[in-house]
Structures are given as structure tokens and as C-alpha cells.
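J.: Listed below are the residues making up each chain.
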Amino acid sequence: MRLVANTFKIAIALVCAGHFSFHAQAQETPSSQQQLLKRVNDLLNSTADEATKWDDKVVAARTQAQIADLIWDTNPDNAKNYLKAAWSATAKVDEPKRERSTFINPSLRNAVRREVLLVARRRAPELAATWLEEMVEESKSSEKKERGTFDDRTARSAVVLQMANELVAENPKAAADLLIESLRDGISFNFQNTLIRIQQKDLALAEKVFRAALARLRTAGMSDPNELLTLDSYLFSPGRVFGANTADNRNSVQMALGGARPDVPLGRQNPALAREFLAIASDLLLAAPLPTGGNVQVAARSLVSAIEMLFQEVNEHLPEKAALLKARAQQLDSEARFATTPPPPRPDMPDIRRGESQESFAERRVDLLEEAAAKGRDVLTRDIGYATAAVGTTVERYQRGLDLTGKIDDKTLREGVRSWLLYRAVLHFIAAGNLDEAHRLNFKNEDAGQRAVCFVVGAQKLIENKDTDRAGEWLREAGAIVRRSDANESLARIALGIVSTYGRFDTQAALDWLLYAVKLMRKTPPTSLTEDKAPSFKRISGITPVSDFTIRTTGFSLQSAVAVFAPDQFEQVLYVLNDITPQEARGVAILTLCRKFLKTKPKAVAGKIRRGVGSCQPSVAARRRNSTLDEAFLILPKL
Amino acid sequence: MRGFLTIGLLQWCVLLGSFSPQSLSTPSFALNTAQRGFTGFKVREPNLYAPNVYADNLEFIATLVDLPGARNKQSYWELSYELYFVPEDKYYEAIKRLPKGPSNPTLEQFPGRMLLLEGHKKIRRLDTLKERTLRFTGVRFKQQVPDPQRTKFAHLMTHFSVKVFDAELKTTLYRTGLLFTEPYQDHPQDPNQAIARKTIYLNFMVTPEGYLNLSQLARDPDSTKW
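Protein sequence lines correspond, in order, to chains V and C.
Numbering follows the numbering used here, in which position 135 of the first sequence is assigned residue number 135; successive positions increment by one, without gaps.
Numbering follows the numbering used here, in which position 79 of the second sequence is assigned residue number 718; successive positions increment by one, without gaps.
It should be emphasised that the hints constitute simulated quantities derived from the structure, not laboratory data.
Just to be clear, a hint being listed does not mean it is correct.
[As the list claims (entries may be wrong)] The calculated lysine-lysine pairs, modelled on DSSO-like cross-linking and capped at a C-alpha distance of 30 Å, are:
hint, chain 1, residue 1, chain 2, residue 2
1, C, 864, V, 538
2, V, 523, C, 729
3, C, 781, C, 791
4, V, 173, V, 461
5, C, 760, V, 407
6, V, 519, V, 407
7, C, 809, V, 519
8, C, 729, V, 375
9, V, 444, C, 809
10, V, 523, C, 735
11, C, 781, V, 519
12, V, 411, C, 712
13, V, 407, C, 712
14, C, 809, V, 92
15, V, 411, C, 760
16, V, 461, V, 444
17, C, 729, V, 538
18, V, 519, V, 38
19, C, 761, V, 375
20, C, 809, V, 411
21, V, 444, V, 407
22, C, 769, V, 538
23, V, 38, V, 596
24, C, 712, V, 97
25, V, 92, C, 864
26, C, 809, V, 407
27, V, 519, C, 712
28, V, 523, C, 712
29, V, 411, C, 761
30, C, 760, V, 375
31, V, 538, C, 712
32, C, 791, V, 97
33, V, 97, C, 781
34, V, 375, V, 53
35, V, 53, V, 97
36, V, 375, C, 769
37, C, 781, V, 538
38, C, 781, V, 375
39, V, 97, C, 729
40, V, 411, C, 769
Next comes chain V alone, as it looks inside the complex (with noise of 0.2 Å):
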């Protein structure tokens, strides 16, 4: 009975996409085309008044923003009123309960804020400038939080100096204009990542930009080294940036990696810049006086340990200066006092040898955990013990993984472990472009969900290898999985990846899953359904490492499945996307089919309703460069 009803619903929606296709082909006069605008332009606006009343206030926040800038140039006031909605939503956005770390805490209130703030500086500059004051006041008032080492100088730069990373590729010039504005805040760690990123572009502007820093060190001075740091390894190591080190240990390293790097840094191209930071920063470190009441022996080990990391550079560029330099660590060494005694090995981490390769560390380091593991008193402990140890395992060493396994007394646990194992090392081998070996080792993985979202990720595989036959057998079986499993909030955007992998080459299949995606997404949370991301599948919970190896995965949200579908198909795939719950979600729906139509449409018609949208809203792939832009560094531990 299901199956005729669904039947009868996809020949609906196939008679209306015949009857508006025909209309959209056969007859679309200009003032067809501008009816077809107009409805469009209405669907806009009703989905952001209906935003303002929707629970999720991310979801609410980022669709009202893209409204906005959508609908600017033929409805200014209306926009302007949606842009001011979404800025209120930002306020009511609650911050993910965990504890703060000590290297990096991202903001997801900030994220948010950053896209409306976009449209703002764009649309209306007036109000971003008011707005960005606004969250100076906020961090005034609000409960003073310590910073991590990685972390931004305040909210405001945090969100300045995303916008600017996120502007970047298209607007260099926008781009070094922020980041000069962040400085009002100090220099911030996400300062080097975008500059960066602009020299790569144009290197007189970011020489520009890195002058305005030195500017900002000579007149504001540092309020502490890690802006020095942040500097030098913009200058000398970029990609590699150092946190001052306050440990016990003197030879302790906080170090972010990641980032673009330049093939020549610019403290080579141009040593004379080199050697002004260098003057400015030797200056600052030999003037900086220690903390009378506060902590002197932080501050003290934060000093010396800036001046040990920048002393080679000086030595080289300036050795009058370093020769200061070295009388002054030696005089704050009293106050740091750093151990003496080497520190203690850690029962969970192997020493470091000199010029072993990673993989020999990693195994050692298992090697240790499962000998730990054998000393626990009872059978959970032990379990407990063997799954950290297996999951410790590096992914080219699954089958070591694999076996540890088979010491877990704990089914659920084993299972657990043994499929995250698979699921990783399938995803790295789709990811090699080993596809045999990975169609091979997904058998093995008991979790059906997880065999589904690697056959729907090799499928976006072959498709780039140009097999679309072999893209649909393996969606085929995605699909079988999906349709016989209970719905869940996992298995709504595998379906998703299934309509966003099959729009590459088979429209109406896309449109039947959709169809079937629909039915599956009533109880996922919306916040979920615009994660482009494959599902992570919290089956256990605090085993498995916090790093999250599906992060490179795309084409699991709802907007990248509406994106797939052909403006001439926009009322045949409304007509399916009406029948979406939550409403958040058939809102964020709506708007991808939206502006997806008013992308396509021939320029002439469109233009009158959306003109500058090209640039309003970052593709998928950039909201997740920008959304993990304070994730994009590996943060390394003091060692």
C-alpha cells in the first residue's frame, strides 16, 4: 500500500514537472519568466517571516541573512529588516556546553554572526560597524573567560578576522581592510592564517597589512608574546605557529599546524621587514616588566620562552640586540624557574626517539596502552583499556586495531571499536582511490549505516574516475541499506548523500530519493540536515578520539541535495520539498532551491531580481573552510 502511494506521489510530482517544464521550455515568455521571479520572490519572503518563529536560531539566523542579500535589490526594506532579524537570532544562539580548553575555544555564536555580518558590511556597512561595536560592549559586560593560547584576542577580531578569511579569494583588498581593523583588538592567532593567504594573492597588501601590525606593536605595545609569536611565524614559519610555553618543562612546545603555506616565507623575501619585527620584538621583550601582584612565574616562562623561540632570527639579523636578549632570559630565569630533572615518562605516551617515524611512535605508544589495559582489576576496565589502545592505532595499522578488538569482552564496545576502525580505514582508502580494497573491507563492517555512507562516498569517487556504473551499483546498495533500516537522524542525510551523488548523473533517481529523504528527515534536528559532512555515528561515546576523520566528506546536506537538481525542475522539486519537517528544515530547503533558480536563470530576467547575488552566499565548501577556520590548525600539546 506504502509502495502505491508512493508511487502515486512521484507520478504527481512527474506530471507536474512534465506541465511546468513544458511551461518552462515550450512557453516561457518574459512574463512567464517574471511570474516564475515573482513566485520565487514571494517564497523568499515568507520563508523569512517564518523564520523569525522557528526554534533552531542558527538555522533562523543564516536563512534570514541569506534572504536578505538575496532579495536586496529589489526589496531593500524588507531585506533590511530580515538582516536585523537575523542579527537578533545570533543573540539568542546558545553556546555547545564543554568545558574550555586551554589551546582553542571556537564560538558558535560568532560563526553565525560572521554570515550576517558578511551581507551587513556589503549591504548595509552602517550596520555591521554598529553591530561589531555591539559585541565590544557584549565582551565587556559579559563573564570574563580565559583565552586559550590559539584562541582569538576577542570576539570582535574573532568574527573580523573570519569574514576576512572567509573574503579572502575574491576580495584581497576587503580581506587586508579587516584585518587591519582586527588589530584594534591586538594581533590575534587567525591574524597569520589569512594574511597568509592574501600574500598569496598580492604581497605589497599584505606587506601592507603586516606593517599595521608593527604600527599597532610600537604605539599599543604586546599585551602578551603570542602576538610576537604570531608574527614571527608569519615572517619565518608560516604554518607553524608557537604558543608561548608557561609548562614546568623549559623544553615544552605549544604549536599550531595547518594553514597555507607560501613557497618562500616573507621574512626571506624581504629581510628589512624581517629586521623591523625583529628590532620592535627584541624591544618589547627586554622592556616588558613582570606582573607585580599576578602570576610572575607565567609571565616570567612566557618571556623567556619567546625569547628563546625568536633569539635565532635576532642572532642573525640583529646580534646586538640578541646578546640583550640572552642577559634578559637569564635574569628572568630566576623567576620562571623552570624543573631542573628531566620530566617523567607518561604512562600513556612512549618517549620521543630521535629521527623515529611517526607510524614506529604509534605503534610503541599501542604498545603501551595494551599493556596497560592487561594490568586493569576487572573486565570493564580492561575492555576500556584495550579499545583506547585499538583506536590508538594509526589508520594504515587498522588490522592491528582489528585484532585488539579481539580482546573486549564488552560486545557493544567491540563491535564499537571494530566499525569505527573499518569506517575510517574505508574512507581513507575511497580517499586513496584504492576502491577495490575498500569495497572489500566495507563488507566487514557490521554497522549498516557506516557500510552506507562509504558506498555513497566510493560512489562520488567513481564518478570523479568518470564509472558512473559502478557509481550506481554502489548506490544501489547504499540504498538497500537505507531503505531497510529504521529511520534516524543519520540515515536522513545518507539519503541526502544519495540524491546530492546520483544529481551528478541520474536526475530521476535523485528525485526519488529525495522523495524518500523527505519522509526520513521528520525527526532530525535542522542543525543537523545543513552539516555537509557524513554522519559520525555515536554509537560509543568517550573511547574514540575527538578528531573526526569524516571532516572531509561533502554532499550529506539538505543543500547540497536541493543544489542538484535543474532550474527547470523548480516546481516539481517544490512540490516534493513542501512536505518537509521541520519547518527549519523545509525553510533552509526552499531557500537552496531558490537561489539555485535564481543562479541559473538567464541573467537578463534575474538580474532584476537578484542583482550582486553571486558573491552573497559562500558554497557549501566555503562555509565549511570557514566553520572549522579555529579547527583548521592541529593544536600539538606542550611536549
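Please build the complex by placing chain C on the supplied structure of chain V, with the hints as guidance.
T.: Just chain C, lined up with the frame of chain V:
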């Protein structure tokens, strides 16, 4: 972003509850300081013989304060627990050997520990707070500790391994670790006076987001608030 080598955040250092201020300070101490505005500074007098702060018997109360799937019959809770006494000199020797900053110490790093209580429970009914509370009374303490080791700043160490399946979240949460507290607590009316600690708490809670909270602070036995 083009050229990114690595996306994702990795923190090798494991923040362990056992060394958070919450778990290092004694339960009643934390409560009293909050209530009285007491500064919270304690001066350790090494090897201060204080048999009066050693209770004859201890009570050990482990509670799963709340979980989203409490009423779901498929939810369950499994706990392995061990309660040790660690003599003061051994405790501080071990602490000195630990690396500074976040750490994840193991039982083996505390030699000289003395087992007072151990056990394993699996609870399948989690509807009420009472059902989610494990209570062990009469854990012999003072007589177990050799008289010279009855010093004020020795420690009681709880080692636990916990597994909670929340049928609402469809997630199984695991955690293992150590918690420490001293054998004494502050007098409720006079924070300058030490009295024998009689109850050792071990509290867990599964949040709606699927995190496992952990503490050993004294708590209202009728409250499901964290």
C-alpha cells in the same frame, strides 16, 4: 581553505576529572567555601598525625544522577569501583612524578595504595533516583590503616570504570579514571576545624547532548540536578 594540511583539532593531553579543582578539593570543603565565602586556601602540614579525622567506617555512594533515557527499560548502567587509601608520603611522591598540566594517571602510578572496597554492579532499572543509587555502608577504614599512616593529608582514591547505555540517545558511554579526596572534611559550622569524612561520593550524569559528567562532590540525595 586551499592548502590546509590538517583540519581538525587534536588534543593529546587528556583532561581528567581527577585533577580538576572539583575533584581535587574535598566535597564538603567545596560546598562550605561556596556557602561561606571562605577563601579556600589550605596549608598542608606534612605528616600531621590526625587519627581523629579517620572514620571507623566509610559509606560509599555511587549515583547516576540522571540520564535522558532513564525511563527507557533498555537503558542500563554498569560500574566497576575500587576505593583505596594512599598514605600521604606515597601520594605526594606520586604527584611529584606526574607531569605538570593535564594528565591521565593510572593506578600503577600510586604504589603503596591499600584496597578498602571493590566491586562491580550492573543496574538495569534506572527509573528513579533511588534505583540509580548504589550505597555501601560499613566499609572498614580506620582499623585498616596502620596507626603511623593516619595523617591528615593522606588520600582516599577512587578508581572507576563506568558504562552507561542510554536508550534514548542510543549511545553507550564509557569512562575510566581516578578521583581523590582527603580523609577529612571541614566542619559544617567551622571551616577551620577538620572532622572525619564519613561518605565518599561518586556521581555521574548523562547530559541531553550525550556527555558524561563526573564528580565526587557531596550532593542532595533527592535531587536530579547536577
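J.: Hints first: check each against the structure and report whether it holds.
T.: Evaluated hints:
Between residue 864/C and residue 538/V the alpha-carbon distance is near 25 Å, which keeps this suggested pair within the 30 Å criterion. Between residue 523/V and residue 729/C the alpha-carbon distance is near 54 Å, which puts this suggested pair outside the 30 Å criterion. Annotation: proposed proximity of residue 781/C to residue 791/C holds, straight-line Cα distance about 12 Å (limit 30 Å). Between the alpha carbons of residue 173/V and residue 461/V the distance comes to roughly 36 Å, so the proposed pair goes past 30 Å and is violated.
Annotation: proposed proximity of residue 760/C to residue 407/V holds, straight-line Cα distance about 21 Å (limit 30 Å). Between residue 519/V and residue 407/V the CA atoms are separated by roughly 41 Å; this puts the pair beyond 30 Å, and the hint is violated. The hinted pair formed by residue 809/C and residue 519/V meets the criterion: a straight-line CA distance of about 21 Å does not exceed 30 Å. Taken as a hint, the residue 729/C and residue 375/V pair is honoured in the structure, with Cα atoms around 20 Å apart against an allowance of 30 Å.
A C-alpha spacing of about 22 Å is found between residue 444/V and residue 809/C, which places the hinted pair at or below 30 Å, so the restraint holds. Of the pairs offered as hints, the one joining residue 523/V and residue 735/C is violated, with about 52 Å between alpha carbons and a cut-off of 30 Å exceeded. Between the alpha carbons of residue 781/C and residue 519/V the distance comes to roughly 64 Å, so the proposed pair goes past 30 Å and is violated. Our distance criterion of 30 Å between C-alpha atoms is met by residue 411/V and residue 712/C, whose separation comes to about 19 Å.
With a CA separation close to 29 Å, the supplied pair residue 407/V and residue 712/C stays within the 30 Å bound. Note on residue 809/C and residue 92/V: the hinted pairing holds, with a Cα-Cα distance of about 29 Å set against a maximum of 30 Å. A hinted pair counts as satisfied when its Cα atoms are at most 30 Å apart, and residue 411/V with residue 760/C qualifies at roughly 17 Å. A distance of roughly 20 Å separates the Cα atoms of residue 461/V and residue 444/V; the hinted pair therefore holds under the 30 Å criterion.
Between residue 729/C and residue 538/V the CA atoms are separated by roughly 40 Å; this puts the pair beyond 30 Å, and the hint is violated. Between the alpha carbons of residue 519/V and residue 38/V the distance comes to roughly 29 Å, so the proposed pair stays at or under 30 Å and holds. With a CA separation close to 22 Å, the supplied pair residue 761/C and residue 375/V stays within the 30 Å bound. Straight-line distance between C-alpha atoms of residue 809/C and residue 411/V comes to about 15 Å, which keeps the hinted pair within the 30 Å bound.
At most 30 Å may separate the alpha-carbon atoms for a hinted pair to count; residue 444/V and residue 407/V meet this at roughly 18 Å. At roughly 29 Å between alpha-carbon atoms, residue 769/C and residue 538/V fall within 30 Å of each other, so this suggested pair holds. This hinted pair checks out: residue 38/V and residue 596/V have alpha carbons roughly 15 Å apart, not beyond 30 Å. The suggested pairing of residue 712/C with residue 97/V holds, with an alpha-carbon distance near 28 Å, which does not exceed 30 Å.
Between residue 92/V and residue 864/C the CA atoms are separated by roughly 24 Å; this keeps the pair inside 30 Å, and the hint holds. Straight-line distance between C-alpha atoms of residue 809/C and residue 407/V comes to about 24 Å, which keeps the hinted pair within the 30 Å bound. Under the criterion of a C-alpha separation no larger than 30 Å, the hint pairing residue 519/V with residue 712/C is consistent with the structure, at around 28 Å. Of the supplied pair hints, the one linking residue 523/V and residue 712/C holds, its CA atoms being roughly 22 Å apart against a limit of 30 Å.
This hinted pair checks out: residue 411/V and residue 761/C have alpha carbons roughly 15 Å apart, not beyond 30 Å. For the hint pairing residue 760/C with residue 375/V, the CA-to-CA distance comes to about 20 Å; that is within 30 Å, so the pair holds. Restraint check: the Cα-Cα separation between residue 538/V and residue 712/C comes to about 20 Å, which is no more than 30 Å; the hinted pair holds. With a C-alpha separation of about 37 Å, the suggested pairing of residue 791/C with residue 97/V is violated against the 30 Å cut-off.
Of the pairs offered as hints, the one joining residue 97/V and residue 781/C is violated, with about 41 Å between alpha carbons and a cut-off of 30 Å exceeded. Taking the CA atoms of residue 375/V and residue 53/V, the gap is near 56 Å; set against the 30 Å cutoff, the hint is violated. Under the criterion of a C-alpha separation no larger than 30 Å, the hint pairing residue 53/V with residue 97/V is consistent with the structure, at around 24 Å. As the CA atoms of residue 375/V and residue 769/C are separated by approximately 33 Å, the hinted pair breaks the 30 Å bound.
Restraint check: the Cα-Cα separation between residue 781/C and residue 538/V comes to about 44 Å, which exceeds 30 Å; the hinted pair is violated. A distance of roughly 28 Å separates the Cα atoms of residue 781/C and residue 375/V; the hinted pair therefore holds under the 30 Å criterion. This hinted pair does not check out: residue 97/V and residue 729/C have alpha carbons roughly 37 Å apart, beyond 30 Å. A distance of roughly 28 Å separates the Cα atoms of residue 411/V and residue 769/C; the hinted pair therefore holds under the 30 Å criterion.
This entry does not satisfy hints 2, 4, 6, 10, 11, 17, 32, 33, 34, 36, 37, 39, going by the numbered hints stated previously.
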